[in-house]
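Heads up: the sequence shown is residues 1 to 546, going by the UniProt record's numbering.
Heads up, a few of these hints could be off.
[Stated by the list, open to error] Below are the DSS-like pairs computed for lysine-lysine, each with C-alpha atoms no more than 25 Å apart in a straight line:
id : residue 1 : residue 2
1  : 31        : 55
2  : 190       : 15
3  : 59        : 29
4  : 190       : 13
5  : 29        : 55
6  : 190       : 351
7  : 16        : 31
8  : 244       : 9
9  : 59        : 9
10 : 29        : 16
11 : 244       : 13
12 : 9         : 31
13 : 29        : 15
None of these hints come from the bench; they were simulated from the model. Keep in mind the model is a prediction, meaning the values are calculated, not measured.
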Amino acid sequence: QAELLETVKELDKAKKQFSHLQRSSEVAKDKAADVEARLRKSDRRIFHTKASLQKLSAKFSARLAEHSRQLAGVQNEYSFALVSAAAHLEHYQRVELPAAMQALDGDLYERLREHLSAASRTEVETCWATRDWFQGVVEASARVCREQDLLLFLQEHTAFSLAPEQRFQLAGVEEVCLLPPADDGAGLEKEARRWATRVARDRKNRAHSEEVLQRLEARRQQGPEAEAAAVERQMEEARENIRKAEVSRVKAEARLALLRAAGLDVDAWLAGAMVGTGEETPTGLDPAEFDDYEDSDEPDEDEEPGPAARTYPYTCRVIFGYQGCQADELSISQGEELEIIEDGDAEEWVKARNKAGQVGYVPEKYLLSLGCDSGAGLGPPGPSALHRQLSSIMAAELVLEPGAWLVRALYDYEGQSPEELSFPEGAIIRVLPRAAGEVDDGFWTGDFDGRVGVFPSLVVEELTGAREAAGQELPSPSPPPFSPPGLEPGAGLVPSPAPETALGGCRQDGTGSGQSSPDLAATRLRPLRAPPPPPGRAPEPDPELH
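Required output: the full structure, derived from the provided sequences and hints.
Quick look at the structure:
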């Protein structure tokens, strides 16, 4: 009901805006007609000259043209709000209201039927004297059902009967229709593309949630009793996601129907959106794929950062290797430099190009920004780039062993002996924890690009705060869906085994996943792309190299 109230509020707001602009347009039209009539009659009166009347006529004509231009757009918004509200109300009366009544009834009638039948059968068996009377009670009890009681209830209380279909109409306009805007239909094409994408996304999310619900139901039946409460909460969340996706789809399809009636090729946009989002449902679900599904009528493109927040292209260095799991993903290795060319098709993914010219999607948190591209300027990265860089460092800190931390090279350094590390300026080095009682002699032991060695601490700067907490036992929370994997000595690329049939996602064997059950981890939905595999804790360094 709260969602329905919000829809009605949006409709009322659009109506007020349309009525206000319509009245303003009529006032401007009347004033312009009055001035034109006075000019034709040369009725300048005592306080006006012909020049002033001509100036007034031009002013009112310009205002009338501006109101007419704005009125078309406002009327379109009003039309969208009308059909959306009508579809939402119809869906509420047809689906959600009966579901709410059924939820209130619960299993009352089933239990009542069971108890009465059991009591009657007992009386028939134990009391033959009243057998005929109780036999009648048994037959009457068998006819107790929710449908019959609901029918009698609706006959007595007409307020709960299904209301007739509501036909919304624009105030002051003969029929609901869309006016061609001044941009030759580009605005309506944009609306069609946006809502076709929303319909495709809602269908995919609903199918995704239904599969999650089925798997959770199977898990509840086969799992232990201790997990039943947690599984039930996740099932309720999955049902809520299905309901939200259905409401959003109904409203979006109503808008598309209005656009189709206006002559737009909505079916072409729908077909493209279905292909773009991948209409097939995955055979298995990784718990890391789930995220909140938010139902919003706002444009999807408004939720993305604008050009001022991200300037493409810019250069990044890979701090964690990743093996692509899909055809459109790019495999990357630690220390490699990439050129980020645009946003990815899901949150925390970006599209990158390597030095070989290969293009694909990579996890954003596996990268460390080196600033803007040479073609876009030599200045430092903006606030958005710094935020992504800090996010990568914070995510990396989650998978470091206790006592380890990350540093960045301030200068190029060439090792003076085989035991020393060599690295370029800007390199990210993982400092290994020191042994208990070891004195800091100015040289640290670190891991860079799979090689372990020592280096002077004066040529680096610290990136994480684990040095002060060295020796303390850090908590081991489950890594977030996009946490990067730990750096493994001797390997420039993090291997990823083939996808498991049971989960259908890219997973790694390791202790860092922290998940005891794929169904109990989460039931939140990722709209388009599954996240990278959860990382494992970095292996223990060789004691001989400390």
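* **Earlier hints that do not hold, by number** => 9, 12
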